[in-house]
Amino acid sequence: MEGQYPLMQRVLWRSGLSLALANRSRREDLKLATFVAAWVLLLFLFAPACGPSAFKGTILFTSHRQGGLGVYSVSSRGGELKHLTPGDTYAFSPRWSPDYTRFLYLARRGEKTALMVANRDGSHPQGLAETDGILANPRWSADGRYIAYALTLDGATAIRVMRSDGTGDAPVAFEVSPADYASWSSDSQWLAVASATPGSPGIYLRNPAGVNYHRLSAQQDSLPLWSPKGDRIAFMSERDGTSEVYVMRSDGSQQARLTTNETREYHLAWSPDGGSLAYVSEEDGNPEIYVARVDGSQTLRLTFNAFPEMDPTWSPDGRRIVFVSSREGNADLFIMDADGNRQQNLTSSPAPEFSPSWSAR
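Take the sequence shown: its position 245, counted from the start at 1, is 245 in our numbering, and no numbers get skipped.
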């Protein structure tokens with residue numbers, strides 16, 4: 001074959017294939033060359049589609065454009081932005097349902113705030129709760145049957161739970177931090193909440209009916225976040241003087257500090273396999289995104305910019321992370337590989353974007 005198929009030889013060489021062609025007949029060589037050429041062509045054409053950059057999905061986010069806040073969506077590959085909420089409301093904090101067919105969001109109308117649900121294309125918006133107070137941090141249960149949210153009214157914050165159709169709305173935990181939220185277990189049987197009750201700090205488990213509870217910690221702990229597998233809970237704690245990331249077993253045992261610097265960490269996000277945590281740290285003087293193995297074996301800094309990088313959110317397959325960056329002068333959504341490579345701007349807009357939520361569809 002040598003000298004007879006120079007183009008094919010270059011293709012084979014550049015593809016890294018090593019073939020013993022010297023002792024074959026011309027006909028055998030031609031058959032083999034044709035087969036390998038087809039294989040290389042298929043690899044060239046379709047390998048990018050199998051890579052993490054081409055993972056299919058839709059990202060919900062909040063953006064301030066068209067005169068106010070609204071919920072928008074964009075493909076994880078980029079492209080057209082779609083406005084999903086009515087233009088006469090201030091809509092924010094979207095959250096996909098577990099089956100990705102609907103999403104929750106908060107809406108401000110006049111003096112009232114409402115908890116809303118809509119189909120994935122924004123159609124058929126329905127109000128689930130409305131209040132003169134402040135609604136925050138809506139969270140679906142893993143089975144999609146319940147919704148937990150925080151309500152601040154007359155200076156006090158409580159965690160409330162309702163069925164996903166809006167019925168059965170009732171408080172399950174009182175005296176929590178206004179910035180806190182409830183995190184569901186993977187079997188939807190428990191909520192992890194942080195208590196702000198004087199003399200009784202720590203993280204507690206409450207069932208959706210609000211009648212049973214277990215105390216997991218007795219320190220100045222906050223922002224509990226259950227792992228996807230349900231075996232661990234990550235949380236923030238100031239027990240050592242600064243706000244640091246901790247991880248414990250879901251029964252409260254084996255509490256361990258994951259970060260060891262003297263600066264703030266926040267915006268925790270579990271990887272889908274439960275093996276890593278993404279978070280924001282100001283360790284180097286600027287909010288940047290890090291990923292740490294929960295066994296403490298490795299910590300990687302993923303972003304390196306003079307402007308804040310925040311709100312990391314994993315793709316459902318765990319291979320990419322969407323986040324908010326101000327590196328181009330405005331808060332845009334960026335996407336990168338889980339190791340920090342291939343960072344690219346998804347929205348490229350003069351309007352700020354934030355609070356992303358990623359679906360697998």
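In case anyone wonders, no lab produced these hints; they're calculated from the structure. All values derive from a computational prediction rather than experimental measurement. Be careful, since some hints might not be right.
[To be verified] Computed list of lysine-lysine pairs in DSS-like fashion (alpha-carbon distance at most 27 Å, straight line):
| id | residue 1 | residue 2 |
| --- | --- | --- |
| 1 | K82 | K112 |
| 2 | K56 | K82 |
| 3 | K229 | K82 |
[Unchecked claim] With beta-carbon atoms standing in for the labels, derived distance ranges:
| id | residue 1 | residue 2 | range |
| --- | --- | --- | --- |
| 4 | D240 | G68 | 40 to 48 Å |
| 5 | G329 | E130 | 35 to 43 Å |
| 6 | T197 | R145 | 22 to 30 Å |
For every residue, glycine included, the Cβ atom is placed at its ideal position computed from N, Cα and C.
Check: Which hints, by number, does the structure contradict?
Finding: 3
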